[in-house]
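Novice: Work out the full structure, taking the sequences as your base and the hints as a guide.
For reference, each letter of the sequence shown is one residue, going 1 to 121 in the numbering used here.
Derived by calculation from the structure, the hints in this document are not laboratory data.
Since this is a predicted model, take the numbers as computed values, not measurements.
Think of the CB as a built atom: it goes at the ideal place given N, C-alpha and C, for glycine as much as any other residue.
All the pointers check out, no bait thrown in.
Quick list of the computed label-pair ranges, beta carbon to beta carbon: (1) 59 / 85: 36 to 42 Å; (2) 90 / 51: 54 to 60 Å; (3) 18 / 54: 43 to 49 Å; (4) 19 / 57: 39 to 45 Å; (5) 33 / 89: 29 to 35 Å; (6) 79 / 55: 27 to 33 Å; (7) 33 / 96: 20 to 26 Å; (8) 46 / 22: 34 to 40 Å.
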Amino acid sequence: MTTARSDMVRPERASISWGLMLAATLLAGVTVALVWFAAVPWGPLVCPAIYPAPRNCFASDRAGTALVVTIVLLAVYLATMVMALIDRRDRRLATVGVILLAIAPVISYVSVAWIPGFPLS
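Specialist: As structure tokens, this is what we get:
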């Protein structure tokens, strides 16, 4: 007796979310580079001519904020990568992580370059 092809059950292969992982890696790398470019800019820094200068005019304060932002970005990136590798069928959490990493450049640039930071010492 032969079995029809419709009766045979193939094991379903779970594909790894390579596209989500690539997008997360690129977004995290670009955002970290942008954060540190804003924290330690090349060239002259323009600050208002008032005394005392605003807190975001001090490179040490921007570097402290950039370090905290970088740690948060890396945590979101690692969580996104783990969700892309572990939860292969339901990619909602990995997609949310990529969306957060897509929004991160704007939020991190504003928080490092314009919002008063804090020193690490």
